[in-house]
Amino acid sequence: MNAGLTSEGVAALAPDAKVAAAGKKLGAPRSWQSLGRNQEALWGECRGSAVYQVRVDLSDLAVKCSCPSRKQPCKHAIGLLFLSLGAIPSETASPAWVTDWLARRAARTTAGERSKGPDEAAAPDLVAREKREKKRLSRISAGLDALDLWMEDLVRGGLAAAGTQPASFWEEQAKRMVDAQAPGVAERLRRLSGVPNSSPDWPGKLLDGLGRLALLSKAFRRLDVLDDPLAESVRAEVGISHPQEEVLERGERVDDRWIVLGQRTEEEGRLTVSHTWLLGEDTRRYALVHQFAAAGSPFAEGFVSATTWRGEIAFYPGAYPLRVVVRSRSGGGERSGGLPGYETVEAFLDHTSRATALQPWLERLPAALRRVVPLLDGGPEGGRWLIGDRAGQALPLAGGEHWTLLSMSGGRPVDLAAEWNGEGLIPLGVAAAGTYYILAEEG
Amino acid sequence: MDALTRAAVAGTSRETPPASGLPTDGLFESAGGKGPERDLLLRAGTRAVYRAAGRVAESGIEAPQTAPDETLTACSAKAADLLHRLLVDQRTTILLEALERLRLAGLRLPHALLPGALNVEQEELRPAVAAVLGERGRWLARLNPAWAWAVGDDGDLRDVWDEGTLKRRTSVLRRVRERDPALGRGWLSETWRQEKADARSAMLKAFQENLSPEDEPFLESSLGDRSMKVRAVAADLLARLPGSACALRNVERADAIIAGYEPPSTGLLGRGRPGKVVVELPLVVDEGWKRELPGEASPPGKMGEKAWTVVRTLEVVPPVYWERRFGATPEELVAAARGEWEAVLLTGWRRAAVRHGQESWTWPLWRRWHEAPETQRDYTSTWELPRLLAPLLPHVELGRLLRSSGMSRELAYTLEALPGPWDEELSLLYLEELRKHVPRIFARNRDVSDPWLGTPQPAAERIPLSCLDHASVTQPDEVLSESMSSDDQVLRYERLPFRYWREKLEKFEETLELRRRLVKEIPL
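Chains L and D supply the protein sequences, listed in that same order.
Be aware that the first sequence starts at 784, since it is given in my numbering, and climbs by one per residue.
Be aware that the second sequence starts at 105, since it is given in my numbering, and climbs by one per residue.
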């Protein structure tokens, strides 16, 4: 069976507590009229108000159920996983409804290699693609021209005036960038709209953000003179991404035991976006799995925080590649022991310098820092939270209060996984006393 | 604000942007000629990147003292999961049980749960949390003043008393009273005249801790306080001192109100007469009397002012006083409260029985209400009375009543208010009756006011652990499917009582399961 799966892990895969509870209830053999598994998959027919066919791909825990539930994975799938923890069905031949599904999934992942479906004819496709690409680049350029003028107007009139603008002022400009096919730029504008009046030094932060945007716009017009990796990063920052199949096929591949450091899920309109941070035990590479799903639908890959799995990932190209797709996964289990990471704050800062020099638009950088102590400078009310290393060097923590982290440490060194946002570390998890523990943001 | 940002804030139309003075300024000279706005933006961008890449660490920040080593073992990861859920869902009753069990098992909370546990708001949980904090929890609590309650930090009680907020000063005063009541009284009398009325009444309440006759002079003088709230607290405390002059004055007043008791007579030929308590209302109630009574000054509900004075006066007198004076049992006296002043008498005695914790009175008083609740309606709501009496009611008697007379609305409210753990006999009787009741809900059509409905949840939380394993109740649909055709089933499913019950029993079972898991994961 899926080695590392625990009942907590199964519950964590459920979209909410209600489904987890309902699933748990269905995890009793009497709710099932047929059950089976083989090397690849687990399946069963669940008796509800109708009989539903449930299947689980054991390689990545992807699920499919014939029920009409909008919540995914549904309670039947969670129920089947719960059931499998206790009573492992014996290996049998899979029925057609399982085999077909597995075949369809396999076809999808290797789509790039085998068949491109209807728009197969390679040569004309390449020409058309080049034409489309050219058209898109010129649209983006035109959009960025307009953005440059807009930003120049902004600083001509003064940022003090920008601070009094309603959210729609930024949103309109962001929409124009979406229309110009530069969603990455639109995303930056949306983030900037939250800066005015958010802190005492907001004008400085707003200017920084606008400045970086101006740099990005300038860099985009010089794609032809930039190194390939940096050009790739600039394209990605603007919002031109490679199709996943291409990355699977041609991206840099790294095989390792990957630690799931933590994940964040955000609602963006009708989309749910998830960011999952991974850290390779041997390569010490950090990786970010970025997934999108229609609200309520499942993500293609399910990850359980604080577990590890063996597998191969493929990096999207860039000057400081972080984003990846998973090529293969197997096994999985609880994470124990400390984290591989930077031994000192100094070493971590050297690393951020190098990363920033390679890719100046990096906004969030993952980091694992070894043997650091959380500090509370100036008492709990209005005090600052930091972490300090053995050399007495410290960096601020971001994102509210950090009592859980402090409690886990007890004033002793712990290994911390965090996201560096340029101003502070946002904790993802902490390894203390041999256990890796996920930290949620506190008030 | 630096010069570059200042220029951007003012606008380049007013202020010419200066050079930032960083090496990055030179990067764009070659690309110049596009206007000062463009220059400013590009310079700001390169400066931002330059600064991000050149970020340096801070130093010289004091590290906290390390926490002492734990002497207790943490509970298992599964127990921690359960506790985490109970904390998040604020399931006070079960959480209290779990924390208590943790203490008995000699375990402590795992470190990850400490902030959540220290943040509990409910006072009744705090002692239980404090007992399982372990060394790490106490260490952590000392770092946050909001958690001072958990460590009983004595070092600077006087400082907090002198400078703290009202809430913290009051809790400090309570702590001082626990150890040295005279010292607490001394502290309060020093500042008494400068405190505002709200502060005076809040702090005076702290005298509940270790209340003794030595507090009487202070309380007696507070009866003359300007503030009505302070007077009420003083009167309440004096009423708890049976020997105080104030209490004795009230006994004297009560003595005049209950003028006599005529025992029942058997009479010839069965023409007996029931007993009767003779009530004589006072003609005048002066201010001095009123201010020496505990409780709100204005009467609740439809009660008249004079009746309210009588109720509060009776409340101060321990009911056992009447047993001695009239040589009668509580049952006899309660039965003899009849006539025009019946409700006034019973209300006063109920409050007295609760105030003085006299269980021999609460059961006859409760039965009297249960038999004829409507006669009491003007004086107490159906909700309030069971809540008042519940902590002092005999569980077994309630169970037997349930078996013999079924579930009345009054009994249901009382069970909902009955604190746990329930007596085992009551629990078994309740479960048996509940199992009999569930199949009956199909006989009900539109009627959804089933008094049973509110009781499964409190029962699931409060029956003793020994009853958990045989507590489950079959869901109504399972009862149904054995006895009916499917068409009939669908029809019945749609009925409201059915749906309510299904939900209630799901919750019931979930709660039982949670407690069973607690027993399993926190073994003693």
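Honestly, the hints are just simulated from the structure, not real lab data.
It should be emphasised that the depicted structure is a prediction, and the values quoted were computed from it without experimental measurement.
Quick reminder that beta carbons are idealized off the backbone N, C-alpha and C, glycines included.
Among these hints, one or two may not hold up.
[What the hints assert, rightly or not] Example chain L residues on the side facing chain D (calculated, C-beta under 7 Å, incomplete):
| hint | residue |
| --- | --- |
| 1 | 935 |
| 2 | 938 |
| 3 | 942 |
| 4 | 997 |
| 5 | 1143 |
| 6 | 1156 |
| 7 | 1160 |
Hints, verified against the model:
| no. | hint | result |
| --- | --- | --- |
| 1 | 935 | holds (4 Å) |
| 2 | 938 | holds (5 Å) |
| 3 | 942 | holds (5 Å) |
| 4 | 997 | holds (4 Å) |
| 5 | 1143 | holds (4 Å) |
| 6 | 1156 | holds (6 Å) |
| 7 | 1160 | holds (5 Å) |
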